[in-house]
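Visitor: We have chain R; now place chain W onto it with these hints.
There are 2 protein chains.
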Amino acid sequence: MSLSPERTVSELRELLELTGDENGAQRVAWTETWERARAWLREKVAPTGAEHEIDEAGNQWFTLRGESERALLIGGHMDSVPNGGWLDGCLDVLAGVEVLRRIAEAGTPPLTVRLVDWADEEGARFGRSLFGSSAAAGSMRDQDELRERRDAEGIALPDALAEHGVDLDRALEARRQLADAAAYLELHIEQGPVLESLDLPLGVVLGTFGVERHLVTWSGQAAHAGSTPMDQRRDALAGAAKLALEIRPIATEVGDGAVCTSGSVVCRPGIVTSVVETAEQLLDQRHLDAAKLAQLLELAREASERFAREEDVEVEWERIWSIQPIPFDDRLIELADEAAREVAGASQRLPSGPLHDAAEVARAGIPTVMLFVQSLRGLSHTKLEDTKEEHLGLSVQALDRLTTKALEAFA
Amino acid sequence: MSLSPERTVSELRELLELTGDENGAQRVAWTETWERARAWLREKVAPTGAEHEIDEAGNQWFTLRGESERALLIGGHMDSVPNGGWLDGCLDVLAGVEVLRRIAEAGTPPLTVRLVDWADEEGARFGRSLFGSSAAAGSMRDQDELRERRDAEGIALPDALAEHGVDLDRALEARRQLADAAAYLELHIEQGPVLESLDLPLGVVLGTFGVERHLVTWSGQAAHAGSTPMDQRRDALAGAAKLALEIRPIATEVGDGAVCTSGSVVCRPGIVTSVVETAEQLLDQRHLDAAKLAQLLELAREASERFAREEDVEVEWERIWSIQPIPFDDRLIELADEAAREVAGASQRLPSGPLHDAAEVARAGIPTVMLFVQSLRGLSHTKLEDTKEEHLGLSVQALDRLTTKALEAFA
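Taken in sequence, the protein lines are chains R and W.
Note that the numbering used here has the first sequence beginning at 94, numbered continuously upward.
Note that the numbering used here has the second sequence beginning at 94, numbered continuously upward.
If you're looking for bench data, these hints aren't it; they were derived computationally from the structure.
If you're wondering where the values come from, they're calculated on a predicted model, not measured in any experiment.
Each hint can be trusted.
Same chains, same label: a pair holds when it works inside one copy or across any pair of copies.
Here are the simulated lysine to any residue pairs, SDA-like style, with alpha carbons at most 25 Å apart:
{"hint": "1", "residue 1": "Lys-481", "residue 2": "Leu-469"}
{"hint": "2", "residue 1": "Lys-476", "residue 2": "Ala-245"}
{"hint": "3", "residue 1": "Lys-476", "residue 2": "Glu-370"}
{"hint": "4", "residue 1": "Lys-476", "residue 2": "Gln-325"}
Looking at chain R on its own, in the form it has when it is part of the complex:
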């Protein structure tokens, strides 16, 4: 077997050299640098004999015909955020290239094997992430809104896409790509601290979190910090402070990996001599289980109403965004767990906080799983993003094992 994880690491470095600078990776989707990376990818895959195609949403596909039309998909994305890391997205693709090489060398696989480089996972230029995968999954429902989007220079999204051969009006035709899909596999860096804290190189992703995101506005009464006795205050910050602390026992109570974050509190008038009249608090709650996510939200709402009464202030909730949890496939989770244990001696099942292209594929009903490899210090979306070379090697091996197992299981 010709699998060479070392080659993947060296190709990752080559790609960074080609498409990065002193501030990190610069493969923002719908730019020249991104196109350069995609052309470079084509050269790397060409020797395998895989057929090449770019679909209506800009996704780049490499297809090794198998004994069946039914296809095992392996995916990732070549695009990065500006000043990004050297692994996010492209590790997935380059590990897939290595697996494709091994399979091509071994002869005709039982299923067709397809490697996909999804277009614009990050949404860095137009603020719309998972562009290509949501088109292929058929879940892209914001085309009217996307037509109006502009980048920082004022260039409209449809114009930028057209420069790269993509017609927004036809993007959903990419749905045909999933018609024969039997299963979908994706390897990604964890982008969090769990595996590092457990001293484990590899993990298996149970699915992507459902998210409830709210702006919680507390309204009290501005009052002079010197002339207003403590018992005559209606302090909006007190409500926000209580909620910022209470979301933690609520997460513990609901359990099973629940996370809740208060990322900001903006105080008005926000001056040293006044009791806070208005506190605008951002709240983000996530869970892998829809019922438990609803419970997180309900408990936080109840607590906020109790705090509002205690503090004689008002509280209002406004939903900013939400998404249902997307569980991955049980059978593939088992196989991924086996693969990780065979390669690294241990595995860990964990949810994914960030969304990934895999979530879009899973929403489309395709059995899906992801492998995570340890991130150092949990950092990503920065040039400081890193993973030990030894762990990168194990991750390529694990993806290869998982591919073999999936080809057997779904044949």
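Guide: For chain W alone, coordinates are given in the frame of chain R:
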């Protein structure tokens, strides 16, 4: 006796008509409108025969010679903030005018009686409050810094003052004005909710609060809201939230009117998808007793260090500003209490949160007291500032009674 509190109310309305607009009072110090108010004041006082003088700091004095050179001072300020209320500062002066009229009519007083209209109490144009009174008290120590100050239009403070006949270099010569001062009286609106909440028209001020003002900076670790388990977070906002709540039991513990305010928390990066890395919290603590003020600060510091340990974050304190408490004169507090009770049937002793010219006079060692009259809804520095006419009338009567008592006591 000719005391006419109704006249004071009608003169307050006349002044607002002359120097206000639809947004409120516009008597900002060192402006034409302010000069117009001061000229109008001179006309009002002229019939009493009091001698007029403007000192080196721009303070305007009206002197009724008595049997002794030693002087009882009554003070206030004609200047207002932009879009100010109809009472802040000028009630004090116009009530004083009414008392001066009554005394002038009654013949030669046992002590010389002087009414002072302090220059630039509010500091609205150059951000330097208590200008004239601090010069007279000799506590003005920032002349070098004041020379560099500019208003919003870029006009230097010394140039603006020179236009109104004041030479900054000579301002401290106004100290001579307090040489013969036996006592100082000032009536002011409360600018807080205490008297209204007690349903009392009048109160006696025990002194002005000492203030400790700090920027408390909490430093944790930014981390992805989705991928970072709750037990692996170092959340800077958690420290700030705990302190925002803890200052309240600390104020209760220290007691005696202690007030503590967290007026703002600025979160960085301040986005919904990240645990807060840095929280910059403003803290204002006030007490009338220096030892208790120090205790407030010490308890808050100790609590913050405990919270920093609990949350595995760092905390740093930076003092922004502080001032010692300035207690008023016990004997005058008694007399003021008697005067308020005689006029209104009840009185309430309370500290002043905001600073006043009276605090500067007290710092200079002159026995000092203030009377407060109820503010509706605690509002000031806005055109919504208001006090019931009936209460304004009582306040003029109380200042007159207090003046009589002080003339007897200090003769």
